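**Student:** Keeping the supplied structure of chain A fixed, place chain B upon it in accordance with the hints.
Chains as they are written, first to last, in this note's numbering: chain A, 2 to 107; chain B, 3 to 484.
FYI, nobody ran anything at the bench for these hints, they're computed from the structure.
Just to be clear, a hint being listed does not mean it is correct.
As the list claims (entries may be wrong) - Covered by chain B, per the in silico footprint, the following chain A stretches (three or more residues, Cβ under 8 Å): (1) 20–32; (2) 44–54; (3) 58–71; (4) 74–86; (5) 92–99.
Because the structure is a prediction, the values reported are computed rather than measured.
From the three backbone atoms N, C-alpha and C, an ideal C-beta is built for every residue, glycine too.
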Amino acid sequence: MCDVVKTDALLALLLSNRQKVSFRELRQLRDRVVEANPDVVMDISAPSVDMAVRYYPEIFMFQGACVARANHAKRFFDSEYIRDEFLSTVPQEVTSELMACFQTAG
Amino acid sequence: MDTRHQKVFRDPVHGYISVPRDLCDRFIDTAIFQRLRNIEQTSMRPLYPSAHHDRFAHSLGVYHLANLAFHHLKKNTAPELLTGLEISDYRASFLVAALMHDCGHAPFSHTFEEFYNRGNRAELLLRELTGEAFSADYDHNYETERKGPAEHEMFSAAVFLKYYAGVFTDLLKTSDPILVARMITGCIHQGAKTLAEEIENCLILLLHGSAIDVDKLDYILRDTWASGVNNVSVDVHRLLSALELVRYDGHLVPAFNKSALSVIQSVVDGRNYLFNWIYGHHTVCYYNELLTSAVRKLSRLVSPAGKPDRLLDTLFSSDAFDGPVKIKTFSAYLPCDGDIYCFLKHYRKDISEVDEILSRQPRLVPLWKTQAEFEHIFAKKKEPAQRTHIRVRVKEILSSVITDTTARDRVIALSVKPKLASIQENELYVTLRNTVVPFTEASGAPAPTNQGNISYFYVFIPRECMDRAEECIKVLQAEKTY
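If we strip away everything but chain A, and leave its shape as in the complex, we get (with noise of 0.2 Å):
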């Protein structure tokens, strides 16, 4: 069965190791991912990451055309918050390619 990462969970992996990533990006990975596992369904659309910046304020942000940590989500990206709330339906193998798709892309 495939697997959903929801756009929340997708940027707060993302955002886990860096500080911003632009809407470009965003796409160039969505395609680096359904090459490497079309088994993970995502979605990127404009609505959906405008919604889960809305949806948690605290952790992310919009920047111009990038999404950003908020100012002071530090604190929830060092404790287990991030796991909690975005990840704990994501299989760990999954979460892994995703990791090992978005070092790829530097």
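**Tutor:** Just chain B now, with coordinates in the frame of chain A:
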């Protein structure tokens, strides 16, 4: 297009809706469009028994409002703003886009939204059918302006172009079907270079705007009517009769004159009412979860080994629009909600959720039923991390109260994320004393601020444990989160 011959539909929300016979023959009376009669508009039927309105009626409603909007726009706009162009030339494209904006909707509408564009297929199809200019604007809108369609809109635009572009061009020789795709997906021309592109952008925003558009207006009115709730009244005629095109900061934009100010606020309030009290209702959330789980199990059961998503893939692609697609002993053709129920009934014994869906006898019950109760219960745990800690460990925390492991394994926590609207600066304009100003300035209300985390969750426990509900709430309240 011959507009002398009209077909009249009686609609409970808008009254009589007249559609030119030419549009009926070429668009409405086709199998893909008629399929929308069997796709429910929302997932709120478990809550409101009469709410079985469908995407077909909604599409007609959006068409009707688009017609009304265009009529007033043409009447109210100063002619000198449109010198050299005949705005009526855009009417047919705008009406077709309104009518067809949901033509690709799959069974259960948004429940499996992610599957519309699985593997990027809807976007690739759309790019293939539209060409370079569209793709360039589409990319620019996304990468620079953070704007773009939801995945079902992308899919609907692709379905329109794939199956209806030919009849569209045949009927409206001088109109471009790609403009219809732009309207469905909200793909505005970047840096509009001509008056024609500016007008097109205004019409795109009237169907696919971020603040108010004819699609939102219809679903607010229709979902309110179908459910029977006492939502705020939205005087759509007053609103649309105030519509005009104006120049603001050098750009042509749609605006409302001051007589619509109160209605604009009603639209925002009406939409938020639906999200707060209906779409986020515990019963709606619970049955949506049941359905999601049941359909995913069904997909595993009917799909070939090694391709467990074959069913979902078929339902959310255009393959099943071309002809029947065989899936095990069934075939899917122009799939709608009823087909899925038929599959689910067939596999009733293998999918535990099916009996519950069919009988509407929930096996789980919520510990609290509103966001207000949730906030009251967790008043001392305001931090998102504290609340998340409880949500993801709910079974473990309840182990002291629900000691039977089978019962405890059935406990679920469901997140609710209300999609609340507010009008941001430069999203909507009004004219006051011959001056165009942003609505945020004219309304006198404070600018919308970041509301903080507005999500919450429900916890559902087995019905047979309901006598321990208060104990469950107490242990959740008392849980040490850090």
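**Student:** Are at least 3 residues of the stretch 92–99 of chain A within less than 8 Å of chain B when you compare beta carbons?
**Tutor:** violated (count 0)
**Student:** Within the stretch 74–86 of chain A, is the number of residues with a Cβ closer than 8 Å to a Cβ of chain B three or more?
**Tutor:** Since three or more residues must qualify, the claim that chain B covers the stretch 74–86 of chain A holds, with 6 doing so at under 8 Å.
**Student:** Tell me if chain B covers the stretch 58–71 of chain A under the three-residue, 8 Å CB rule, please?
**Tutor:** Check passed, 4 qualifying residues.
**Student:** Against chain B, does the stretch 44–54 of chain A show at least 3 residues with beta-carbon separation below 8 Å?
**Tutor:** holds (count 8)
**Student:** Please check whether the stretch 20–32 of chain A has three or more residues whose CB lies within less than 8 Å of a CB on chain B.
**Tutor:** With 6 residues in contact (Cβ-Cβ under 8 Å with chain B), the coverage given for the stretch 20–32 of chain A holds.
Hint 5 alone, counting from the list given before, is not met by this structure.
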